[in-house]
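**Q** As a plain string of letters, each chain reads:
Protein chains: 2
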Amino acid sequence: LKPDATRFTAHVDTLLESGCHGVVVFGTTGEATSFAVDERKALLDALLASGIAPERLIVGTGCCALSDTVALTSHAVLSGCRTVLMLPPFYYKGPSDEGLFRSYAGVIERVGASALRIFLYHFPQLSGVPITRGLLERLSAAYPTVIAGIKDSSGNWDGTAALIATFPQLCVFPGSEVYLLQALKEGGVGCITATANVNAGAIRSLYDAWCRDSGRLEALQGQIDDVRQAVEQHSLIPALKHIVSLLRADSSWRRVRPPLVPLQAEPAERLAGALTRAGFRFPKSS
Amino acid sequence: LKPDATRFTAHVDTLLESGCHGVVVFGTTGEATSFAVDERKALLDALLASGIAPERLIVGTGCCALSDTVALTSHAVLSGCRTVLMLPPFYYKGPSDEGLFRSYAGVIERVGASALRIFLYHFPQLSGVPITRGLLERLSAAYPTVIAGIKDSSGNWDGTAALIATFPQLCVFPGSEVYLLQALKEGGVGCITATANVNAGAIRSLYDAWCRDSGRLEALQGQIDDVRQAVEQHSLIPALKHIVSLLRADSSWRRVRPPLVPLQAEPAERLAGALTRAGFRFPKSS
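Residue numbers (our numbering), protein chains in the order written: chain A, 1 to 286; chain R, 1 to 286.
Hint data in this document are derived by calculation from the structure and do not stem from the laboratory. Mixed in with the good hints there might be a few duds.
Unchecked claim - Under the rule of at most 27 Å between Cα atoms (straight-line distance), these lysine-lysine pairs were calculated in the BS3-like manner:
#1 A:Lys41 <-> R:Lys93
#2 A:Lys93 <-> R:Lys2
#3 A:Lys2 <-> R:Lys41
#4 A:Lys2 <-> A:Lys41
#5 A:Lys93 <-> R:Lys41
#6 A:Lys41 <-> R:Lys185
#7 A:Lys41 <-> R:Lys2
#8 A:Lys2 <-> R:Lys93
#9 A:Lys93 <-> R:Lys93
#10 R:Lys41 <-> R:Lys2
Unchecked claim - Output of the computed footprint for chain R on chain A, the stretches with three or more beta carbons under 8 Å from beta carbons of chain R:
#11 81-90
#12 144-155
#13 253-262
We treat Cβ as the ideally placed atom computed from N, Cα and C, and that holds for glycine.
All chains, please: the whole structure from these sequences, using the hints.
**A** Here it is as structure tokens:
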């Protein structure tokens with residue numbers, strides 16, 4: 001269950017080549033919270049040592065402990081990765097906006113880097129700690145050059161649309177590609193999504209078609225949605241790792257750290273079948 | 001916002017002298033998750049260096065990352081603290097019992113210390129990850145000498161009573177002293193409670209009265225309940241820190257790490273008034 005820097009680096013490389021403008025390392029899908037601060041630092045070091053451009057990375061750095069978040073954020077910025085995705089501290093539920101403001105402000109002040117750009121991470125289903133509009137307003141006013149945007153993984157499109165409308169100065173990313181076209185139409189800037197790990201090309205095609213105003217947008221969105229729907233029949237992270245294992249013909253990719261568990265044989269087979277019907281082609285397994 | 005080993009040590013000392021049989025260091029009230037692994041190790045080292053007996057400590061060691069939980073648990077055991085209180089990994093919600101079993105088993109196997117005794121930490125309101133009876137059964141069967149008990153902070157007495165009845169081989173602690181007498185009557189072994197930070201003497205008196213079968217049990221429980229009720233009008237952890245600051249005439253004690261915030265002036269005054277009416281006497285503030 002140790003981090004595997006070689007496979008990690010190869011995977012990020014593939015994602016950047018297959019259509020992703022950038023990659024979030026250490027988000028929810030990357031099992032960030034399942035790894036220690038030192039493990040995460042070492043993985044980022046390995047990634048950069050392999051030659052991947054720091055400008056194409058967004059580094060997940062939000063931990064429960066202020067000191068951990070400061071350590072990871074400082075390390076990212078000093079490594080040339082100025083953009084981070086930051087969970088709020090997520091053990092204490094129902095914190096006040098004042099407490100969350102102090103948390104983010106405390107990190108910003110302690111890191112003390114003018115280059116720092118933060119995307120806040122709104123994922124109430126897992127963190128249990130929503131980023132409220134009031135908090136966002138206050139942070140954006142206090143640190144206008146640092147607070148760069150928000151990843152909205154709530155899955156609530158109306159909330160995402162309200163964020164886009166309320167905060168034109170911020171980059172708003174829905175946390176799923178099923179909202180990509182809607183978000184682009186409203187003024188969102190793209191999406192940050194787990195499924196890009198296995199479907200980056202198709203998602204990028206929709207983005208490019210939007211930029212070229214080339215029509216077919218709804219059809220492209222529909223194809224992307226079909227893939228997402230097939231994956232969402234299963235526990236998302238083990239399912240994605242299973243698909244990567246099939247795409248790379250490398251069963252090592254199925255490993256997850258507890259409390260996650262790999263997909264079992266029967267659902268794995270159903271998933272592969274659904275994706276094959278959606279046009280995926282898998283190499284013969286090794 | 002750095003850890004204050006001097007005040008920490010003095011406080012643990014006071015608790016052990018004022019009636020606590022033992023002290024959990026790095027539980028929810030101790031803001032464990034707000035501190036980094038190295039900060040927590042250094043605080044435990046300072047505590048033991050001051051001469052506090054390791055047998056009287058229970059060390060909170062459960063983190064989101066398996067590697068962090070292993071590091072903290074190994075450090076505790078190697079320091080002579082064989083008993084730990086272990087949260088499940090708490091970022092991913094709705095994990096399977098299989099995943100949680102692998103998590104605890106993974107820690108036990110990696111720590112590899114026959115002396116280790118684990119109390120599981122059931123606090124679904126904050127962790128979002130309940131310890132189910134099925135998980136407890138499986139862990140207790142697989143590691144009968146390691147799995148020693150459970151702290152049930154759910155606040156659901158029926159659930160606590162069911163744990164006591166179902167697992168006679170385990171030490172069951174309710175997470176609040178309001179259930180102490182009921183728990184002792186049913187076969188529980190005591191309580192592990194935040195409010196012991198400010199009311200250890202009264203809680204111990206009830207425990208001792210129970211052991212001596214000396215009557216007055218309901219009256220003692222009633223007095224304890226009054227204090228708890230006064231504290232529960234407020235945000236629990238900041239309120240307790242405020243009370244400690246009053247008892248020690250030391251305003252430094254009011255500090256909390258974000259996302260918690262200290263009690264404001266008006267509720268702080270109400271709290272002090274209610275406790276004075278309940279019989280608390282505070283020294284003149286410094």
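**Q** Given the hinted pair lysine 41 (chain A) and lysine 93 (chain R), is their Cα-Cα distance within 27 Å?
**A** Holds, at roughly 25 Å.
**Q** Could you grab the alpha-carbon distance between lysine 93 (chain A) and lysine 41 (chain R) and see if it respects the 27 Å cut-off?
**A** This hinted pair holds, its Cα atoms lying about 25 Å apart.
**Q** So is the region 144-155 of chain A in contact with chain R by the C-beta rule, three or more residues under 8 Å, or is the coverage claim wrong?
**A** n = 0 at 8 Å, threshold three: violated.
**Q** Straight-line Cα separation of lysine 2 (chain A) and lysine 41 (chain A) no greater than 27 Å?
**A** holds (14 Å)
**Q** Are lysine 41 (chain R) and lysine 2 (chain R) close enough, with their CA atoms no more than 27 Å apart?
**A** It holds: about 14 Å lies between the C-alpha atoms, which stays within 27 Å.
**Q** The region 81-90 of chain A covered by chain R? Criterion: 3 or more residues, Cβ-Cβ distance below 8 Å.
**A** holds (count 3)
**Q** Has the region 253-262 of chain A got at least three residues whose CB is nearer than 8 Å to a CB belonging to chain R?
**A** Since three or more residues must qualify, the claim that chain R covers the region 253-262 of chain A holds, with 5 doing so at under 8 Å.
**Q** Run the distance test for lysine 41 (chain A) versus lysine 2 (chain R): straight-line Cα separation, threshold 27 Å.
**A** holds (22 Å)
**Q** Is lysine 2 (chain A) within 27 Å of lysine 93 (chain R), Cα to Cα?
**A** holds (22 Å)
**Q** Does the structure keep lysine 93 (chain A) and lysine 2 (chain R) at a Cα separation of 27 Å or less?
**A** Since the Cα atoms of lysine 93 (chain A) and lysine 2 (chain R) sit roughly 22 Å apart, the hinted pair holds (cutoff 27 Å).
**Q** Is it true that the CA of lysine 41 (chain A) sits at most 27 Å from the CA of lysine 185 (chain R)?
**A** The given pair, whose Cα atoms are some 51 Å apart, is violated under the 27 Å limit.
**Q** Does the alpha-carbon distance linking lysine 93 (chain A) and lysine 93 (chain R) stay inside the 27 Å limit?
**A** Distance ~14 Å between lysine 93 (chain A) and lysine 93 (chain R) Cα, so the pair holds.
Going through the hint list in order, the structure does not satisfy hints 6 and 12.
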